[in-house]
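A.B. asks: Here the protein sequences come in this chain order: A and B. Taking the numbering used here, the leading residue of the first sequence gets 1, the next gets one more, and so forth. Taking the numbering used here, the leading residue of the second sequence gets 591, the next gets one more, and so forth.
Take these hints with a grain of salt, some might be off.
[Stated by the list, open to error] Selected chain A positions facing chain B (in silico; Cβ < 10 Å): (1) Ser8; (2) Cys116; (3) Glu249; (4) Leu564.
[As the list claims (entries may be wrong)] Computed beta-carbon distance windows for the label pairs: (5) B/Glu625 to A/Leu85: 29 to 35 Å; (6) B/Ala648 to A/Ile571: 58 to 64 Å; (7) B/Asn619 to A/Ala334: 47 to 53 Å; (8) A/Ile89 to B/Arg658: 43 to 49 Å; (9) A/Lys328 to B/Lys613: 27 to 33 Å; (10) B/Arg658 to A/Cys575: 52 to 58 Å; (11) B/Asn611 to A/Gly527: 57 to 63 Å; (12) A/Asn590 to B/Ala636: 38 to 44 Å; (13) B/Gly638 to A/Cys575: 30 to 36 Å.
Quick caveat, the hints were computed from the structure, so don't treat them as lab data. All C-beta atoms in this analysis are idealised placements derived from N, C-alpha and C, irrespective of residue type, glycine included.
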Amino acid sequence: MSPKFKKSILVCNGSSCLQASKVNLIAEFQAKLKEYNLENEIQVVQSVCFNKCTLGPNIIIQPENVEYSTVTKEDIDDIIIIHLLNNKIVERLVYNQVYENSGSTKKQYRIALRNCGFINPEVIDDYIEKDGYAALAKCLTEFTPQEVTQQIIKSGLRGRGGGGFPTGVKWDITSKSVADQKYVVCNADEGDPGAFMDRSVLEGDPHSIIEAMAICGYCIGADKGIVYIRAEYPLAIKRLKIALDQAKEYGLLGEKLFGTNFNFDIDIKYGAGAFVCGEETALIHSMEGLRGEPTLKPPFPSVSGYLEKPTNVNNVETFANIPAIINKGADWFASIGTEKSKGTKVFALAGKINNVGLIEVPMGTTLREVIYDIGGGIRDGKKFKAVQTGGPSGGCLTEKHLDLPIDFDSLSAAGSMMGSGGMIVMDEDDCMVSMARFYLEFTVEESCGKCAPCRIGNKRLHEMLTKLCDDKGTLEDLDLLRNLSNVVKDTSLCGLGQTSPNPILSTMQNFYDEYHAHVVDHKCPSGQCKSFMRYYISEQNCIGCVVCARNCPVNAISGEKKQLHVIDQEICIKCGICMDKCKFDAITLN
Amino acid sequence: MAKIKSVEDLKKIKERIEQANQKMIENNNHQKLVEIKVAMATCGIASGARPVMDFLIAELPKRNIVARVKQTGCMGYCYAEPTLEITMPDEKPVVFGYVDLKKADEIIERFIKKGELVDGIIPINYELAT
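The following block holds chain A by itself, in its conformation from the complex (with noise of 0.2 Å):
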């Protein structure tokens, strides 16, 4: 069987290259291929988006995987004499970059999703072909507990889960308390809007988990882990679970694992999607079966966790570079990444973009090679305006910051955080006032009610935000709504509360212009708050149908018969039915 085609041509078919190119490149090539004779031997192929869009239009010659970038019309001819005719390469369109970050010419490395999409999550063959359990044989038989960990404080990872700990030194504070039963627990209670990391990590991989688990066990000399998962990953738990069953049949799990005296076995507890569950203190009296409410540090749980046991937490993303940093060594961890975030960092891409996705980038890759390249601009051509990093807890970045380098300390430096992977993205038409709002909303729903300006404060701040985009702000509001989010940041309990005015922080910041028009001109610039919204109706094309004013579900609207119709401003709801209904384009909005 030999393919019928010598060679394909690839044309990117993402919307960032087709609003590049003036023409129909795929037409075009066809035309061409058709006038040298080689449309029986050249195919032409559709291809959803390669990751580069700035650079586009871009196509792909196969089998010889040479990429071209800004091809027109006019580089039609060159590419089919000098490359498939004469199979040399037209240097002028060749743009393969290597970048710094990770010495790869491709903007993503898999680190943490190294086996996710490749591996059956059911069969443990899958992940022991793949080198699995590899790194804890490594661990222990040729090292001991305090190597292991020099290791991970060598490789210069920092927990995923958004505060950045380093991930080394936890485990080393946790070894050195002196206790008669310690525990190793994984944070899989993943709660922030937007955000499906870990959960596609326990999907796609779930035994480099289990592995990274063991070998934290070994290192802070624990025999037991907790896997504290959401309830609302049906999938993730199956798949953990039937993991689980088959490490253990493997003797990986269990007694005297390798033949040494170390013991590890893994429970699973679920949560009942509590947000403030992912602190870690919240998270362990979940466990032991309390309210989800946090505790004040210290005692921190490596002294002082479940069961007043000393206890380590790390999140689902950073367990998965375990098992790569012990095989492959810390050295080589190390040259990933910025100079203090060192490695990858997976991202759930969300919102207005084009190429909605998981993608694991080295630290230090910009904000604008993630939306633009990977992410593939803005969906519908529209203007980039915000991204939110961090989740409710983070704050929002905007076009200023698209050069920035995305790790820990610049996107703390921004204003915004890390946190633990979600980035959505908000294009001209959000309205930044209602976005702070969402977030509030979300966080008020959350809160756990134990400390007074978590509780009551934000409860107050979503008030005053309800009050701006509902028109009835005045610019007191806006002072009392900064100075009230410096209080509760400063005064909450937990990371939750010290976290969620930081979407009001952020947007006051960068956006103060779209918070004045709301309270001074009475306007949402961007269009979105309903309140601001003026229906109106017009004196040349209104015949006095009445069709509108029957279908105004609040009797907004009056008038007689053939005459002109009036709607009152005070009753009217902004549905717009009139608007859909009118047939001589009589309703405008203002």
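Place chain B on chain A using the hints.
C.D. replies: Relative to chain A, chain B alone:
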């Protein structure tokens, strides 16, 4: 199943898996098998990966194609789900997006049988730490 009690045991399992793979090739007249991976994370299943996988498992033997169809986790192309990765013997893997039953049929007939590429290819856009 004998428990793994040493590093040697783990190596033996790896060897056993490799031998089993070899055996499969021998049973297939010394031809490598077509490998098909279907992204079956929650997002993939929600956008219809399961019927596609069932279709492949049912149709491939009928059309005399010996293939290993495997479910995997998320490949990361959420915007193009359901996604498939197909590795033809001795070739590089090719990923297809937006695969519904009609597309799956086209992939079998044109890509697997004839070696032609079909619309909807996703070029691999990352490097793996292996």
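A.B. asks: It remains to establish, for every hint, whether it holds in the given structure.
C.D. replies: Here's how the hints hold up against the structure:
no., hint, result
1, Ser8, "5 Å, holds"
2, Cys116, "5 Å, holds"
3, Glu249, "6 Å, holds"
4, Leu564, "48 Å, violated"
5, B/Glu625 to A/Leu85: 29 to 35 Å, "34 Å, holds"
6, B/Ala648 to A/Ile571: 58 to 64 Å, "60 Å, holds"
7, B/Asn619 to A/Ala334: 47 to 53 Å, "48 Å, holds"
8, A/Ile89 to B/Arg658: 43 to 49 Å, "36 Å, violated"
9, A/Lys328 to B/Lys613: 27 to 33 Å, "31 Å, holds"
10, B/Arg658 to A/Cys575: 52 to 58 Å, "55 Å, holds"
11, B/Asn611 to A/Gly527: 57 to 63 Å, "59 Å, holds"
12, A/Asn590 to B/Ala636: 38 to 44 Å, "40 Å, holds"
13, B/Gly638 to A/Cys575: 30 to 36 Å, "34 Å, holds"
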